[in-house]
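Protein chains in written order, with this note's numbering: chain A, 1 to 489; chain B, 1001 to 1291; chain C, 2001 to 2365.
If you're looking for bench data, these hints aren't it; they were derived computationally from the structure. Don't take each hint at face value.
[Said to hold, decoys possible] Derived DSS-like pairs: lysine-lysine, alpha-carbon spacing no greater than 27 Å straight-line:
| id | chain 1 | residue 1 | chain 2 | residue 2 |
| --- | --- | --- | --- | --- |
| 1 | B | Lys-1237 | A | Lys-410 |
| 2 | A | Lys-136 | B | Lys-1185 |
| 3 | C | Lys-2245 | C | Lys-2362 |
| 4 | B | Lys-1185 | A | Lys-329 |
| 5 | A | Lys-410 | B | Lys-1185 |
All figures in this text were calculated on a predicted structure; none of them were measured in a lab.
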Amino acid sequence: MELSVKITLSENQIIEIDSFKLANRKINFIFGESGIGKTLISQAILGILPKDEFKIEIDGVEYAQYLELPGVKEIMQKHFFVFQEPSSHLSQTQTLREQISEGCFSETPRKEEFAKSLFYDKSVAEIEKLLNTYPKSYRPSGGEKQRIFNLMSFLKIQNLTISTAWNGYFFFDEPTGFLDVKTRNILIKQMVESYIIDKPTFLIITHDYSIISFIKEQFSEYSELFSYTEIYKDGENLKQRTFDEFEYLFWLENAVKNRPNKVKQSEVVMELQSGISIFGKKLNFYRNEYSSESTKLTLRKGEITYLKAASGVGKTTIAKIIMGLIHTKFNMNLDGKHITEKTPILYFKNHLWGKKLSMVFQNADESLNPKTTVKNLFNDFPRKIEKTLLQNYFERLFPKYDFSELLDRKVGTLSGGEKQKINLIRALILETEITILDEPITGSDLSGIKQILIFLQEQIAFGKSFLLISHNEDIFDTIVPPENVYYLR
Amino acid sequence: MKIELKARLFEYFKNFKKDKFQLWVTIYLITLFAILVWDLLFLNSSAFKMLSSAIFNTFVISLFAVLVSFLLGIFFAFATEANFRFNSVIRFVVKFLLDSINSIPQILLLLSSYVFLIIFFYNKELAQILWLVFSLSIIFANDFFIEISNRIQYFKKNEFYNASLVLGISERKIIIKDILISNSKNHLLNRIILVFSSMIFLFSSVDFIISVGLSTNLSLAELPKTLGNILASLDSKQDILAISMLIKNPLYISEILTTHLEGISAASILILTLISSYKISNSLIQKMKLY
Amino acid sequence: MIRFPEIKYHFIILLLFSLIFFGIFQIIPSNKTINQDYQKISALFKKLNLDINSNEDRILFQESRNDFLSRTNISDDFPTEIETIYSQNLEIQKNELYSNLENDELVSTILWGLMRFIFIFTLLSILIFYLSKTLALQKILFLTKKHYFSLENIIWQIEEFRQFPTSSKVKRNAKIFFKLLLKIITLVVLFSPVYVIGYSFNLKGEQISIVMAIFLGLISNGLLITSTNSFYQFLQAESKKGYVKTAKLKNLKNMFENDENLNWKKLFAIKKVFPNNTLNQIYINADLHFTSNFKNFSRLIITSLVIIELTLNIQNGFFYLMLKAVLFGNYKILAIVVYLTFLVVKLSDIVIEFISLRKNQKYEN
Chain A
1 MELSVKITLS
11 ENQIIEIDSF
21 KLANRKINFI
31 FGESGIGKTL
41 ISQAILGILP
51 KDEFKIEIDG
61 VEYAQYLELP
71 GVKEIMQKHF
81 FVFQEPSSHL
91 SQTQTLREQI
101 SEGCFSETPR
111 KEEFAKSLFY
121 DKSVAEIEKL
131 LNTYPKSYRP
141 SGGEKQRIFN
151 LMSFLKIQNL
161 TISTAWNGYF
171 FFDEPTGFLD
181 VKTRNILIKQ
191 MVESYIIDKP
201 TFLIITHDYS
211 IISFIKEQFS
221 EYSELFSYTE
231 IYKDGENLKQ
241 RTFDEFEYLF
251 WLENAVKNRP
261 NKVKQSEVVM
271 ELQSGISIFG
281 KKLNFYRNEY
291 SSESTKLTLR
301 KGEITYLKAA
311 SGVGKTTIAK
321 IIMGLIHTKF
331 NMNLDGKHIT
341 EKTPILYFKN
351 HLWGKKLSMV
361 FQNADESLNP
371 KTTVKNLFND
381 FPRKIEKTLL
391 QNYFERLFPK
401 YDFSELLDRK
411 VGTLSGGEKQ
421 KINLIRALIL
431 ETEITILDEP
441 ITGSDLSGIK
451 QILIFLQEQI
461 AFGKSFLLIS
471 HNEDIFDTIV
481 PPENVYYLR
Chain B
1001 MKIELKARLF
1011 EYFKNFKKDK
1021 FQLWVTIYLI
1031 TLFAILVWDL
1041 LFLNSSAFKM
1051 LSSAIFNTFV
1061 ISLFAVLVSF
1071 LLGIFFAFAT
1081 EANFRFNSVI
1091 RFVVKFLLDS
1101 INSIPQILLL
1111 LSSYVFLIIF
1121 FYNKELAQIL
1131 WLVFSLSIIF
1141 ANDFFIEISN
1151 RIQYFKKNEF
1161 YNASLVLGIS
1171 ERKIIIKDIL
1181 ISNSKNHLLN
1191 RIILVFSSMI
1201 FLFSSVDFII
1211 SVGLSTNLSL
1221 AELPKTLGNI
1231 LASLDSKQDI
1241 LAISMLIKNP
1251 LYISEILTTH
1261 LEGISAASIL
1271 ILTLISSYKI
1281 SNSLIQKMKL
1291 Y
Chain C
2001 MIRFPEIKYH
2011 FIILLLFSLI
2021 FFGIFQIIPS
2031 NKTINQDYQK
2041 ISALFKKLNL
2051 DINSNEDRIL
2061 FQESRNDFLS
2071 RTNISDDFPT
2081 EIETIYSQNL
2091 EIQKNELYSN
2101 LENDELVSTI
2111 LWGLMRFIFI
2121 FTLLSILIFY
2131 LSKTLALQKI
2141 LFLTKKHYFS
2151 LENIIWQIEE
2161 FRQFPTSSKV
2171 KRNAKIFFKL
2181 LLKIITLVVL
2191 FSPVYVIGYS
2201 FNLKGEQISI
2211 VMAIFLGLIS
2221 NGLLITSTNS
2231 FYQFLQAESK
2241 KGYVKTAKLK
2251 NLKNMFENDE
2261 NLNWKKLFAI
2271 KKVFPNNTLN
2281 QIYINADLHF
2291 TSNFKNFSRL
2301 IITSLVIIEL
2311 TLNIQNGFFY
2321 LMLKAVLFGN
2331 YKILAIVVYL
2341 TFLVVKLSDI
2351 VIEFISLRKN
2361 QKYEN
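Model the full structure from these sequences, guided by the hints.
Structural data, given as structure tokens:
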């Protein structure tokens, strides 16, 4: 399949790709920065976008006409799309069971079997209970909802295998974004298994490069089934190129080899005690994955500390507690001052925020006001930011950009990778002693990730302290010494 | 030059197909202007003077009231939503006040306010106008308060609020610049349009009620001329009654448009304003995707 | 048992407001001042052997007022507007119902008026709730199927004329002209304040029955069209949500495509269900939003009813009584009516919140 797609979002926002390629009856992985239009392009091709929302042309054909093409009509009966935000794509007024039982799923067999394999960590009774809930924004968790979506796609694949010999199109948009590594691996295995029977066409959009390592390990004998490409911005247009998985694996191997393994043992700038109770759970820090002896989380000057945890345990919650944004019982020493839940919020406001502490939030898209310009993002800081200083920072992370042009850009038109870099600059330019990094590479492509890693290492060398939270363990293990890794349980 | 103007006008009109907001604003302004020109031509000068001062009064009082009401809404929203300064007692008092005002139908509040006006501001025109602006703005302040605090609450849940806060940016600046100005101006504009039209409707209706119901027996204060009391006059009554003649004889329209102008004009301006603001607001919602 | 934590808040508001209202009620002067003046005058007339009910005597007094006053040693602050006070008193006596708070008939009139008002209000609310949902469904289904003719679209049809041969032009012209006219008339009627409609058809207060009042409430003051539009906007917002995309992936019928199961009977039914169509979930969710927002419309409905009663002079009405009382300076009745209406509004808030809560709780875990 090879198509040209043009989507006009607004007068000055157009997504255009001259040749979008998909290898038929293969498992296609597409990497690339977030927010450049991969999702919209793939939804347009499958005919999922509403007719009247944007102006869309596919292969020069108007969208309304495209949807009427016989081939496309057939695709629309035999396709499925796993959305990257499962929460907003489930109805809150139907139980999960009702949602996997209506329409084409009304008579699908083997539902329980699939559910059991995807929810490997739950008992039958627990799965029953889960299926009888109405999905709300916080419960079931993002990971559980994501598994439900993947379950639906497997059910539909099975439907088609039973009813027709013709292959369907199954697209997965960040299908593992909310899953921890173990669950992710089980899902990938299930995916490959359901693929192998009838070999439909799979498209998997992802930023999780460590999937590559897993596939190389597990499915080395099937390597011809996988295709890796990358979509990138080339000026105004989008282009697609082959992604060299071996180059990535080579880089990773080398980076780990060159990692600083010694710790400087400099002065302690922050200590957070274990035993933080939140949402009825007690959270503790451990020095290694399986130890039973909890410890305090220590942050030293000029070092990076990495906090690891399975998804949904509460990594982000810990970050927000440290920043004073979530109110719960905790105990922290920060730069000689004892801070607890009794410390008034005004103390955070007057002495910590932007002065001693800063933070990069995990959701690049949501942590910047999309309606303002890049320049305005640096306006109302507690101290005035000189333009030369700003330029310095921008040149490090945006080496190929025109600085003043970038400053005038609307935030909403930036890609996810660009936004996350600006988020980083915003948190670092204040030169606070400590910065918390919550998933600082989300939305970035591999070249962006490399730039960010180098930038962070420079900052560490200047004496800056970081607390890092991320599920991209493969990648961050390349810069964090094992001695500075903590586990949250 | 002429050709360029023509081309530009053509472009402007062609744009209507896409932009219904522009279309309805244009329809409203042109029709309003046409009614006034027609009245200037066919209405006697004293009646025209009265009608135009009524339109002026109604619109100016409502516009001022919308403005004051908007400011009050912002003030109350800040009193309840800006965390660092205010405590829960103030929050409760503001909510109680606004909730109580909101639980009395606006028309009864305005009627009571008129009664107050008749008792205390007898024959003082400026004081009457100020009082009307004041009471209208209090009555509608809750509409703005709810809209503004909903916007603030919505964005407080959004990550960029916290992300800016922990960089030491002041909460007030985040609320004003990021939440209200850059992310809510269309919502607020839409609210202003809706409040303006309900204000005109309510204001005219109460004025009508007062003029019909309270003028016969007790000596009535000399009230500022508005669309409502023009409609309430006996002449206008006859004018509007003439419309029913149209059903029997459609040709009667020429008579209506020349001799029964006063009442018809007041009624059409009122109805035109209501229809147009409904359409303008709807098209703004569609255009800016405010749902 | 359904939990309803908001009710506590409502009760606090009710209690506080009642206290404040009671205070205000005490401050409001009763209309005794006019009467006091009248008492003074009639006492003086008696002293002077004049008959206050005789025109000549009153003129006589007015003409040689100073003379009379000096004879009786009465100070200068004696009321001057004898004629006005006399006629006001006559009015007050004639309308004792509105002027005397101790009148027994007043209580029953107020209570009767209140019941009647609550009855009309409830009926109109239910009608508007049902009709706006039903009409909005028609609108969203037909607008997208192009059967619906919106005012703007009709205007564009005129532009397309040029493409047609002359013979069919006349026919099309006439058709479009009538469509346009019909549409404009409907819009004008729906947005007309009720008194404009009342005047055009020369409606008199006595002619207006309860049914008529409800009908007028429905078609005028922009009430039905704004509530329909509100539900329409909820439908529209819901139809753009992610779960609708998912439903289409499950091969459910798209609401915007033809579905023979989506017939008139289903659209007009009181309990609306649209099995196997994406519309089903869209409708359920829009209905939840609409129900919890219906409080705003209940206020509009009351405003509309007040306008109907006061501008068309419906006798014996709750608000008409209030207006008459104001006319005779009895502001306490105004306060009582405002307070009772406040109670009705709060009660309707509680009922709406309760219904909305019950609807939402169906989907709680």
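The hints, checked one at a time:
no.: 1; hint: B:Lys-1237 to A:Lys-410; in the structure: 56 Å, violated
no.: 2; hint: A:Lys-136 to B:Lys-1185; in the structure: 30 Å, violated
no.: 3; hint: C:Lys-2245 to C:Lys-2362; in the structure: 24 Å, holds
no.: 4; hint: B:Lys-1185 to A:Lys-329; in the structure: 39 Å, violated
no.: 5; hint: A:Lys-410 to B:Lys-1185; in the structure: 17 Å, holds
Of the numbered hints listed earlier, those contradicted by the structure are 1, 2, 4.
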